[in-house]
Amino acid sequence: MAAYVTSALFVHTEDTAHLIEPLQNNSAGTSVTPVVFDAFMQSPHAQLTGVDHVVVSGPLEVVKQTMRLAATYHFSLGIIPTKEQIDLIRFYDLPKNPAAAVDLALQRDGQAMDLILCNDKIMLFKATVGRIPILDTPAKASWIRVLAAALKKFVGFKLYTFRFSTAGKQKINTAASGCMILQQSRRSFASSLISHDHSFSDGMISMVISAPISIIAYVTLLWQALRSSKGYKQLPSSIGYIKSPQIDIAAEIPFDVLIDDEDATHTPLHCENIPKALRVNVGKSLQDEGVSAADAGEIIDIGNLPLENELLKAKRHKRIPFFSYASEERFQDLFPALREDARINSIYLVLMVLSTMLATVGLYLSSASVIIGAMLLAPLMSPIVSLSMGILRGNIELFKNSIGKIVIGVLIALLSSALITFLFPYKPITDEMLARLNPTLLDLAVAIISGIAAAYSKSFREIIQSLAGVAIAVALVPPLAVAGIGIGRTDFHFFYQAFLLFSTNLIGIIIAATFTFRVLGYSAVVRRKASLVVVFVFLVLISIPLYLSFSRIVEDRIFEQSLRKERFLVNEKYLIIIKASIIWRGGNRIILMDVLAREPLTREDLNSFKKKIQANINKKLIIRLKTFYIP
Amino acid sequence: MKNLVNFLILFPLIFWLDGCDQKPVIAPSGKTIKIGIIAPFSGPVLAYGTEGLKGIEAARQLQPYLQNGDRIELVVEDDKNDPALSVQLLKKLVEKDRASAIITFSSSKPVLAMAKVADNYQTSVLAAVATHPDITKGNGFISQLGFDDDFQGTVAALFVRDDLLIDTVAVFNNPTSVYSSHLAAKFEMKFKSIGGEITDTVALTEETAELSEVIKGVYEQKPELLYLPISVKNVVRVIREVRKLDWKPKMMGGDGLISTMLGQHKEDIDLANGMLATDFFAHGMPLTPFGNRVSKKYREKYKETGTPFAALGAEGYALLLDAMSRCSDPADRDCINRQIRSTINFTGIIGNISIGPNGKSRRPLCINAIQSGRSKFIFKVY
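These protein sequence lines are chains W and C, in that order. Here the first sequence is numbered in my numbering, starting from 1 and rising by one per residue. Here the second sequence is numbered in my numbering, starting from 632 and rising by one per residue.
Chain W with its partners taken away, still in its complex shape (with noise of 0.2 Å):
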């Protein structure tokens, strides 16, 4: 059962005059006296004598100046909203009906609220100082208007250098695009965040900060956004967030700042709680909010937020960058990780050469699930990785460490394949060298997505490490052991065709990885220029045997393709061509095929069909054909 005010003061304007009829016919008793706004504010102790509770409706800034009188002088307060003041119903939880309204405005025991003061104006509902886009979008709104409203404020975004000082002398320098200081705003992005941890009477502020430092920053709050349903028990990358009494905002260039919507002061910007400094009739659901919470202390999580000198390239950017950044003590557990990587240790060399002998053994047997072995074995992954981190970072110590390493490792694999081959009494060449032999696109491919893999592995803790190793070893391990064949064979070609693939392929994996690496935002944030010359160097060392090798690659496959579509009627006997393939030995092109024929071929029949094979092709041409008889 609700009570009521025994008397009460109805400050009001012209337009919610009408209002003074329902007050003063009250079913509760309560004596209402009506006041005009610009009276009241006149001469405020005078109305004021004797009045413990009044009664407001009016444009937002007639309720905003009776609320700091209430503050002065303790009275308790009552709201009638009028039809457009949708976020003061909304947020105080107000009745839309006008009967309800007077009903629930004459009431007594108020709430307890907080009030906050921005360069001493009262702040309702929000405050944004600078762009905070995304942050500020409804949180129900429609994925069309969220995207429509994160691309309209890309246009021109940058990030600017800002100073929070809290109650508790805490000074946060930083860079961000703005920020937004929360009270009582329940509709936005923003809000939905902090929900689980905000009060309008905790005696607090809550402020969340936007700093998204690049395009792709950007691009994943936008994500979280459009993903967010519910509250966040974690913040979303690229956001900040600050509670505290009392919070200073410092900007590198005055910012205009909207109070509840409205232009209304400008940076440097002071906001402080006046705690309970309120009493006012609020709504049911809200009639019991924020007592929990009332006791808590000063928060301050920044982790998202740029620092120290990721906070200088975020100054010297008129854009933000593509790609993220980040410093090193962003990363305190993966770079000793990787610098111990990139370390050449006994357990390394041993396993090189294990998995070489036994890949190269593999290949002499034809065996794939030999090799496969091989492959698992294979240390590779972290040296290669370390590598790319090294490039990226422009890091010379990692890079020249996990260089070292490789090399030495190659040079094992090679000695060991190369020593195999040599005591072996028998050299024959397998299918599964031969594959080694004649690259194709799609090994490419496999060094490039081991590549991506690695990367992504070794970001993440979570994800098994050894998957992407055997995804490296793959596009690694065979080819070194067929290189090293070649130099067992005393065979140049042999080596030189199998050593190529391995060559592009490490090359892929390491620009792959390189490149993974920035898109996950490992880049450094000073970025020296022999990174640049080292990855310019990668790109024009695959770009070399990548030009050599692959256009004869395209080259050879078209042509098996198209002879697959060919028939040849030679000496009155039609050949059909089931399979082709080519492989190059000793320079030397060289075609197989399976070949369907009825007939009994003649070394006349075979010796024609060459010719017509080579009389449109200009390349010379060994032919080995395996003959099927139609029956």
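Each hint should be verified, as a subset may be incorrect.
What the hints assert, rightly or not - Mimicking PhoX-like on lysine-lysine, the simulated pairs with C-alpha atoms at most 20 Å apart in a straight line are: (1) W:Lys565 with C:Lys1007; (2) W:Lys573 with W:Lys610; (3) W:Lys579 with W:Lys612; (4) W:Lys611 with C:Lys991; (5) C:Lys823 with W:Lys573; (6) W:Lys612 with C:Lys991.
Stated by the list, open to error - Beyond 10 Å from chain C on every Cβ pair, some chain W residues (computed): (7) Thr33; (8) Leu226; (9) Ala264; (10) Lys276; (11) Asn345; (12) Pro428; (13) Ile576; (14) Ile613.
FYI, nobody ran anything at the bench for these hints, they're computed from the structure. These numbers were taken from a predicted model, which means no experiment stands behind them. Glycine is no exception: its CB is placed at the ideal position from the N, C-alpha and C atoms.
Chain C: place on chain W using the hints.
Chain C only, in chain W's frame:
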């Protein structure tokens, strides 16, 4: 940094430019060489002439001059595919117009008539469309740009037997057409020689009445394939009767069938779905660099893709100019003839063409099919 970016851009560009050929500029000499064209531009096979000439024009845009700067002039004559008129026009072009060489798009019958008198005029005639093997016999001046029917019939029989693994075929022929009867006979002979069975040999002309009874008779023998080296009109008649019986045998025709079906019998194209044919070209098959250039020029000029007749026209023109360019006097008729008949690995639209001293060409043949209202390339046969 800027220099590095520039270098990164220029590096692949240099590689790319390195592969570009420089086109030599030909300065006009002021002399004109005449090439005569004899083709049907009216009558039932007018497509041979009109399409062929379009191909020549496309190729002429790419190469309007000989290497020595002599300009090429075309003298075009319509023989209505009539043998007597073809012979008259040959005389006119040689004696009156002083053409140095002639390209003809007439069918085998008119070209066989020209073959009888070709030696009298001592002027090279390049037969683009005629495929009868006898057009090069008994004369030294008619050369065949296309394959001949001996090759075509043999390949068709071998394809049916060895690729499609078909044992029984019914063969249709038109006894009034030298092309049809020769091709059918060649197919039949080869097919039998490799163990196939000919269930029926059906003589079919435009006047053949009661076709439904004929087809019922063929149906009773249950052949797996109908070989139809007959006119498109008769092919359509046969297909209609076959479909009436709800019978779906495989069917195969000769050169020009699919392009004529697509051009002149679109309303029946669904009935002919799956129809196979031997031909000179096919849409969608890989082209040579020359083929790509001609195809591009043709599309620019006519806003459509070319037919096999157009492709033969372009090839014939380019091959003739190649032969002329190898003569010290490009107008020397005897030299042109000798050079045509010693063409080795000339790059055509889809592959190399060689013409021997006997005037016969060696070139690839295509096996195509009608699928979903379009021509589809199946195989190329060398």
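Hints, verified against the model:
no.	hint	verdict
1	W:Lys565 with C:Lys1007	holds (12 Å)
2	W:Lys573 with W:Lys610	holds (14 Å)
3	W:Lys579 with W:Lys612	holds (17 Å)
4	W:Lys611 with C:Lys991	holds (18 Å)
5	C:Lys823 with W:Lys573	holds (14 Å)
6	W:Lys612 with C:Lys991	holds (16 Å)
7	Thr33	holds (76 Å)
8	Leu226	holds (35 Å)
9	Ala264	holds (45 Å)
10	Lys276	holds (59 Å)
11	Asn345	holds (37 Å)
12	Pro428	holds (35 Å)
13	Ile576	violated (6 Å)
14	Ile613	violated (8 Å)
This entry does not satisfy hints 13 and 14, going by the numbered hints stated previously.
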